[in-house]
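This is what each chain is made of:
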Amino acid sequence: MCSLALFPAPLPRGHITLCETNNELVSAESCQKQEYGPLSLYFPRESLKPHSRTENSSKAAFLHHSETLWIRTATAWREAGLTGLLEEIVNSSAEAPRWLSVSSGCVLALLRRVSSFHGSLFPHLKLSSENMIAEFSQVLNWSDCAVRAFAWHPHTEKFAVALLDDSIKIYNPKSATAPTLKHRLQRSVACVQWKPLCASALAVACQSCLLVWHVDPCSLSTRPSSGCAQVLSHPGHSPVTSIAWSPSGSLLVSASPVDTSMMVWDVAAESCVPLQRVGGGGVTFLSWSPDGSHVLASTPTPLFRVWETRTWTCERWPCLKGRCQSGCWSPDGSRMLFTVQGETVIYSLTFSDTTGTLKGSKAAAIVADLSETTFATPAGDITVGGEVQLLAWDPRGERLAVLLKGDSEAAARPAVVAVFKTRTDPMFELLPCGFIQGEPGAEPRLMQFHPSFPHGAMLTVCWSNGRITHVPFYFLSAGVPHPYIRTDDPPWCSSSGSLLFQPGDIMDSREPYPESPSPIPVSQGGVCMCSVR
Amino acid sequence: MFYTEQSCWFVRKVVYWRAAASIAWAVLLLPAIAAMFVVLSRFSLLHPVQWISECLSLLTSASAILSFILLCGVVVVVGFFNLEYYTVTPSIACSKIALLAQLLHPRQFVHSLVHCVMGVIVAWCCAITIGPRYQTLASACSLADGGPQLCLNEYHLVLVLLGAFVGYSHSLCGVMHNMNYVPFHAVQQYKYLRFKGTLPVVVKCSAIQSLYFTRNYLVVYFFLGYIPRSWICNTLGLQLNSSLHPLDSIAGLLDLSMLYHLWISGTFVLLTWYLTALLFRVFLTEVYNFPVQSPFAEQADRSLSKVLSGQQPMILKFLALQDLALLSQHSPSRRAQVFSLSQPGGHPHNWNSISSECLSLLADLTQRLVAHHDTVATNGRAKLQSADSDKKSVSSESSGHSMTQEFRSPGPSGIMQTPVSVFLRSSVAGHPQGSPLTAPFTPDLDSPFSSPGLRRLAPQLEPTSPWGHTLQSPHLVRRGPKLWSASTDSQTSGSLSPSSPASAAGPGPATAEPSLLARFLHNRKEQLPEASSQAVFADSQSHIWALEGLSHLVAASFSEDQFGVVQTTLPSILGSMLVLQEAVDRHFKLPHASSKPLRSTCSVGDCTFKTLRFALRATLKTAIYRITTTFGEHLNAVKMSAEHRKRLQHFLEFKE
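Keeping their order, the protein sequence lines are chains S and D.
Just so you know, we're using UniProt numbering here: the first sequence kicks off at 1 and counts up by one.
Just so you know, we're using UniProt numbering here: the second sequence kicks off at 1 and counts up by one.
One chain only, chain S, in its complex shape (with noise of 0.2 Å):
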């Protein structure tokens, strides 16, 4: 079992991760002068401006004017629904009769016991539609962060990134437009994904509702029309906070924690299936397995479901301390790892038969150890471990990116992305591979590996404060190789396309690669994302 303990210390203060290679971690000190790659991109705070409005917050800037009793309960009831017109009427009790508001007040009290005691059970129900979100998002620290989703597309070089004030921007190095996705229904921005097997739709999840934008990627303009957009919307399906596709394309789950039933959309159809499961009182994470056999949904208590995708049945997976945060899939669908909160360690899952019916293992097994562990640096001990955030697994299934929680109020304990080595044979193991440090001061936020990085692995982190730098992990594939990726034609080496990957210098004086014939131009040098002269 592999734990921190086995890891390099992290680097000083000052360093930047650049890249692997040769098995190494390849890092230089950060000066003032950078220059990144053209996809490094950075969004300072101060640029984006949060909604300030709320939807009460208008009422101030009108004059009070009375209405009759009736037709303010009608507006309350239109509002806020039973509860809005029972308390309309407690509250204006004067003009009520004296049946009707004491009668409409025992209600309430009834009604607000029950809903507590359903509260008492399921706490999170408490938590506003905000709070939820950054309770149950995948990213650390939601609700602060610039970038608060990030998706690059499966098969292509583009991505498309949520950014705090609710915009979605789409970056493509091969166009000069950066298209901006705005909505009015675009809100709080929890989770974007593309469409598998398609060029241009975006599923959106959103505070209210699902969106699915269609961004033709031949169209010039920069900011596509709101009639590009599908609304999805379920009554009690929102927040949403998590989204799959399937990777045939075909199917769209979406998952609420408010809601216990899970949504399978026929997107094109607009129409959905309901999934609906007694007990954890809602879904929060969704996770689709590659190969399309499984999904993982966690619930807010600690228990989470894994669907076997044929006949859509569910085996339940009771957890000791507490939710399932995040999980991820190996490339062939057949192991799981996940996390607990509360625990500080990996769990993996193995499913046995991925065709027919649902065989996991009869208990999950603990394949890395993530308790804290102290390092000396020179700039003093810095404390790494706890809880985890967010997994991701390369496509490759060679490395594993952990992001830890850390502690945001002491400085020596920074929230860190961990990167694993991953082995399946002759059996699975993980190996210490290292850190990633970004820039100082600047804490992971979230990450996610490129879908089909031809020369090993590429892994996107977005920082908090407002950088997304890529990191790429050359290695030679020992694995089959993955039916979406082609090595044989790198589309940004090829003299048509733009070059993505700016050579640097830094590699020159390095042994080019001494154990793989690699596809990379070694007359260059080394390829890498953010070049430091």
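Rather than coming from a laboratory, the hints here were simulated on the basis of the structure.
Hints are not guaranteed to be accurate.
Unchecked claim - Here are the computed distance ranges between Cβ atoms for each label pair:
id : chain 1 : residue 1 : chain 2 : residue 2 : range
1  : D       : His177    : S       : Asp407    : 26 to 34 Å
2  : S       : Ser92     : D       : Ser595    : 41 to 49 Å
3  : D       : Phe558    : S       : Val231    : 34 to 42 Å
We treat Cβ as the ideally placed atom computed from N, Cα and C, and that holds for glycine.
Position chain D relative to chain S; hints supplied.
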């Protein structure tokens, strides 16, 4: 008309059993629903103990058992009607007149009549169980002159008539909302879970629907209620009780307890019927596993490839395509059977028949879209060929392909079909294993337009409808080469050639001025523009499965196909998908084609057929992307025309 042997086995051994099982479950659920109804209908807040005890004694009484037997009979009859009237391709009325024709169709008349009677029976059972106020038609009363007499119990009459009204409205709504359409879901769940998931929706819908029906009923009764009342009084010699308000007055109708009882009885009627229909759908659409290759010679015609290519009821075709789509995604062992070679001889018979069948389905749709586009482009609006149902029926009889008379869509499908049916028929005649999916597009011999009165109108309509000209005119022949030049497959191009001699059923002799009625009918036909687009894609679920099945099989062949059987057909598969893609793109540029239908708030009838064209478009793109991402640059080695290569390059670069 005449079925082949295999369609008989499937209907006998599968469809009938599934229907019987669904009816049995509906009957088993009936006691629970009836008990709920009794408890709710006798609800009294002030006397809970009395309420419970009354309910218990009623549930065990002899009259309850009698009415329960009656209700079972009703459920069985309704289930039988479900089986007889179901369809997997919705009949979409493209115009108001077509909808009217559907409503007046004799089959529909039988349906409405039977449902009326069933409604009366259920309402009578309700009247018996609800309580003394409704129990009998006649009650003793004392008239003004003192003598005891038999009076009419109007409450009973109102309740029983409500049953008839609800039954008739249910039947009408069934036509309007295509409630006999059996949709297939993208998510395969077990039957119990599917039923459980839909149950709350059904209960809610029946309650809401009952509310609307009761409201309409009360309005009707308020104005026309005196007719049945006086008729019954006269026939049975009953008196009117003058001490009570007559129920067709405002004061009589403002009886809250009666309104509640009417509403809950209507809900009960609808709930039992909706549940029967729901169970029927759940059972019928269950996945059926066809063997890819049957080990026994006598069951060879039940294998997937034979079933796909045979002439058969639509439901068999749909289930076979669904099975194909699922096996191509989920089961490597069955895929291996598809890719296998025949034992002596070494021919890929399984793959050949499956792929050619799927390709002919796609070619059918392409032709249909091209013809639809032509009619619309020449005229600005789609014309319907109700007029030529006459000549079509003649020619189709001669071609002997009007199959599946009983099992396909029951509605008068002939009047709403798209113009392409002539093509389809001729393509069926062209190659013997042509698509049996043309079945719904063969004309309906008992369509209302073949009634003598309308038949006379038919030839007069012809000159006004441009349809007769566009179809056989050089339009298609001219477009043909453009669209089809790219097809590398001899089969697809072969299916074009018989299309031009469709002029065999050429336009009738041009007559003089159309009559007034004909002109009126013609104008009525030009409505509901979106419906014509829906009608073109009415059976597109089959195309969606064909696309999914083909693309998954081709993608899997990249690593699983040992003998390279797929490679030989890869050019034609890509070609027909790209041609279809072009046709679909053009179709969506038509006005109204890309407008979304309103999302229905609450209805038991499934509206998925309204969005099938969007689903087809998405599936088509995904299917092409699935092939291009799997094969990648290898596709450059595939032989195809320059135009297709250009389109394919767009897909390879993810620019579509």
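To see whether the hints hold, each was checked on the structure:
1. Between His177 of chain D and Asp407 of chain S the C-beta distance comes to about 59 Å, which lies outside the given range of 26 to 34 Å.
2. With their beta carbons about 46 Å apart, Ser92 of chain S and Ser595 of chain D fall inside the hinted range of 41 to 49 Å.
3. Take Phe558 of chain D and Val231 of chain S: their Cβ atoms lie about 37 Å apart, and the range 34 to 42 Å holds.
The structure is inconsistent with hint 1 alone, although it conforms to all the rest.
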